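Asker: Sequence:
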Amino acid sequence: MDSYDHKSIEKKWQDKWESDGMYCADENSTKPKKYVLDMFPYPSGEGLHLGHVENYTATCIYSRYLRMKGFNVMHPIGWDAFGLPAENYAIKTGIHPDQSTHQNIKNFIAQMKGLGFSSDWTREIDTSSPEYYRWTQWFFLLLYKNGLAYKKKAKVNWCESCKTGLANEQAQGGLCERCKNTVIQKDLEQWFFKITDYADDLINDLDKVDWPSSTVAQQRNWIGRSEGVEFSMSIDGTDTSIAVYTTRIDTVFGMTYVVLAPEHPLVETLLSAVKNKSEVEGYIQASTKKTELERTELAKEKTGVVLEGILAINPFTKKPVPVFLGDYVLGNYGTGAVMAVPAHDERDFEFAKKYNLSIVPVIDGFDGSEAYIKDGTLINSGEFSGMLSEEAREKMASWLLSEESGFKKVNYRLRDWLISRQRYWGAPIPVIYCTMCGEVPVPEKDLPVLLPKDVDFHPTGESPLRQSKSFHEVLCPKCGMKATRESDTMDTFVCSSWYYFRFADPKNDKEFASREKIEKWLPVDMYMGGAEHAVLHLMYARFFTKVLKKLDYIDFDEPFLKVCHQGMILASDGRKMSKSLGNVINPNELVEKFGADTLRLHEMFLGPLEDMKAWNSDTIIGPRRFLERAWKLKNKLQQTTDNEQQENQKLDTILHKTIKKVTDDIESFSFNTAISAMMMLINEMEKAPVVSSEHYEIFLKLLAPFAPHISEELWSAVGNTESIHLSPWPVFDGTKIVESEVTIAIQVNGKMRDTIVVPADAEEDVIKGMALARPAVAKWVDGKDIKKVIVVKGKIINIVVGETPL
RNA sequence: GCUGGAGUGGCGGAAUUGGUAUACGCGCCAGUCUUAGGAACUGGUACCGCAAGGUUUGGGGGUUCGAGUCCCCCCUCCAGCACCA
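Each residue of the first sequence is one higher than the last, beginning at 0 in numbering that gives the first Met the number 0.
Note that these hints are calculated values from the structure, not bench results.
Keep in mind the model is a prediction, meaning the values are calculated, not measured.
A few of these clues could be false.
[Claimed, not checked] Pairwise CB distance ranges (calculated):
#1 D366 - Y552: 38 to 44 Å
#2 T734 - E762: 17 to 23 Å
#3 T246 - M435: 22 to 28 Å
#4 S397 - N203: 22 to 28 Å
[Unchecked claim] Below, computed lysine to aspartate or glutamate pairings styled on EDC-like, alpha-carbon distance capped at 20 Å:
#5 K105 - E591
#6 K735 - D764
#7 K649 - E627
#8 K792 - E721
#9 K631 - D1
Backbone N, C-alpha and C define an ideal beta-carbon position, used for all residues, glycine too.
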C-alpha cells in the first residue's frame, strides 16, 4: 500500500476545507454556541513561532472537538496590527507600516492554513483598518462622554528610547514593556482612562471567573486594594495641614516623624518657612533626576532631608513631630505623605536608624533590633493601651471621625490608564482643540479620524501626526473656527480591549457590534493566550466590559469565562528562543519535513500545556511514528467474522476506556495524556489479531481534532464521503468499560508481594482466601499472627500481620 | 520580602476520592530482516544485588492497614510583583 505522504494529504484537505467553508460559525444554527478565542496575534515580520503553534493547536483541538460534540463553535482570528514594531521597521527600511503589516498578515494566514487550524476566516478583523479603528475611536468617545476619559498634566512614565508615554502596567519594574529601557518620569499632559473607578469590581468579580490562580493573584496584587485611615495633621504655627494615609492607625502613638514625597504639592507652600531651604531644594532636584528604577529597585539606602522649622501635630498626642522629605515615599500613592512609626515599620525603622530619630514602641513585642510589624497588644498608647491592634484600629478611626480630622479610606495601587502615545502607528485620539471652545470631541458622524500617510515616522517625542497639516489643522466642529487636532494616538491595548465583541459582528458599520449578535456569541467560553497579559490586556478588557455593562450595552460583566495560558516554549538549551541567540526553530521547516499533523501532536505531547517546556527536535519522531502506525493499521482492516468480533471483546474494552480518557482529557486541556492514551490504543490494536473498521473509525475520530489531515484522509480511504470533522464524537459505553476480571494487588504489612486476578464481583472472603493461598503471600504470613485484613474491591488487599510470640 | 507554582528514571513526563509509583514517548541494550542502515519490527530497560531480597517520588518529622498524593518544619528551582505606608 501507499506510504504516508503528509505533503500531498495536508494540502489536499486544507483546500477542500476552505472551499467548503467548513469552520464558519453558523449564525442560524439552533445548536448551543461555544466561543473559543485565541489572543489575536501581532503580525510580526518573523511570522508564526512555536508558541503561536502551541496556542492555536490547543484551541483548534478544542474547537474541533466541540463541533463534533454538536456545538455551534465560533473560533475566529484577526490581527492586532497597530503597534511599535511595524513603525520601527518602517523607520529602518522606509516601508510604510500599512504595507509591511499587510505583507506580514498574508504570511501569517498562509502559515496558519498550512497547520490546519480550523479558524473562521470570514470574521477576520484588522485593528489597523479604518473600519475597525473607527469603533476604537467610538469607544474613546463613549468613555469621554461618561467621564471616564480625561486629559491631565501629570508625572508620567516616559520611555526615552520609544519616545512615548507609557501606562503603569507597561512600565513595570521601571522598564519599558517594549524595549526594556529605563523609564523616567516626565511632566506631560496626557489622556487617561479612569480604570480606577472600577477597581472594586475588577477585584470582586475575579471570584466569578475560571482563570489560572496565578493570573487571578497577579490582578489582585496589581489592583492592590488596602483598607486604612486617612487623617490630617496640622502644621504648628500655620493654618495648613498634611494629610497622611496609613493601614496601621493602631501604631499612631509611635509616630516620631512625618515624611512627604519630594514631589508633594505642599512642599512649595512650606518652603518659605523652611530654614534649610537650599538644602531641601537640592534634595528635590536630585530625586526628580532619579529614574523610577533608581528610586525603587536600587534604592536600598533610604535618603531624606528634614524640613527645619516645620513641625506637624499628632492629633492623638497633640505632640509635634519633625517633617522630612524622602523619596522612599511615593508621590502618587495615598496622600503622598506618611506617618512614620519606626518601631513597627521596616522602612521607617531603617530611615530612623540612619537619621538618628527616636523610636517609640507602641505594640508589645518590639525588641529594638528590628521593626516589629505584626499586630499585637497596644502599649504607650494612652486610653488605647491594652487593646489588640484590630480593636484599636476601629476605635481610633471612630475617634478621628468624631474629631473631624480623619476617616476610613480604601486605597488602590492601580492608577488610571495612560493611553496617549506619541507615536504614529495607532488609532488617532478623536479630539479637537479650539481656542474658543476648548477640548471638543470629534462628533461620531465624523469617525473615523483617518490616520494620515504624509508623515515621517521618526519619533521625536512629539507625535508624528502633527507634521501632517491636513490632519493637524482643522476647523472646530462646534464653532467652525480654526482649531487643531489631537496628534497623539491611542495605546494599542485600547484596540485589543474590545476586539472580542467585534468578532460577533465583524462587518457592522452601524455599531461596534449589534446587541443581538453579542447576546448570541458572548461571553467568550474559552480564552487562550500568553500569561504575560495577566495585568495588561486581561485587565483592560475586563474594564471595557464592565463599562459596557454599566452603560447597559451588554448584560454580562466578565468577558472571558475561562482563561488558559500556554507555557512558553524555550530553546533546547533552556534559554528563550531569540534571533540574537540564533536558537529559533521555524515551524515551517518542521511542517515541511514532518507534516503539520506531526508538529501539532508533538507540541501537544511535549508536556502539560500550561508548563514551560524546552523544545526538543529529536523526540518529534515519536508522534511521527505514531501517525505512520495509524496509517499502516488500515492494512489490517479485514472483514471480521462474528467469531473474531467476539475475540475482540478485549479490544472493545480498551477502546471504550480510551474514548472516555480522551474525552475527559480534552475537556481538561490535558492533551499530552490524551495522546498517550491514543498511543496505548494503537499498541493494542496492532497486537490484536484483527481490527474491525468500526473500531478503526472510532480511533480516527478520537485522533481527528489532534491530527485533522491524516484522520480525514484515512476516514475517506475507508469509504466515508462526508468529512470526519462533521461526524459525531464517539460516546463511550459504560457497560463495556466494566471488566469481568480485575487484577488486584496483595500487600503484606503495606508491602506489595503479589497480584491475583479475580472476578470483578468477588466477595471479600473469596479474595482473602485466594490471597492467602498464594505461595508468595504465604511466605510472609505463615507463622505470623494475622491482625487485620483490609480489602478494597477491585484494587488491593492488605494483610496486616504481627510477630507471633512463640 | 510578598504572591502563585513546581521538585518523580539517562531525558520529556504519567499516576481517579490516599490503594500495584515510574504509564506514554525519546534514548539506550539485545535480537530479527537487510549489501547496508541514522529505516522497520520483536523483546528488555527506576536503582542496588548473581539471587532471595532490599531501596526509591528534594530533605526531616507526623497521621494511616497503606502516603508522590494529607498535616508540620526545612531546602532548592521557576514565574510575577517589589519602599503601595
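Asker: Each hint needs a verdict: does it hold in this structure or not?
Answerer: Comparing the hints with the structure gives:
1. D366 - Y552: 38 to 44 Å: 59 Å, violated
2. T734 - E762: 17 to 23 Å: 22 Å, holds
3. T246 - M435: 22 to 28 Å: 48 Å, violated
4. S397 - N203: 22 to 28 Å: 26 Å Cβ-Cβ, so the 22 to 28 Å window holds.
5. K105 - E591: Holds, because 19 Å separates the two Cα atoms, which is no more than 20 Å.
6. K735 - D764: 27 Å, violated
7. K649 - E627: 24 Å, violated
8. K792 - E721: Violated, at about 45 Å.
9. K631 - D1: 9 Å, holds
Consistency note: the structure conflicts with the earlier hints numbered 1, 3, 6, 7 and 8.
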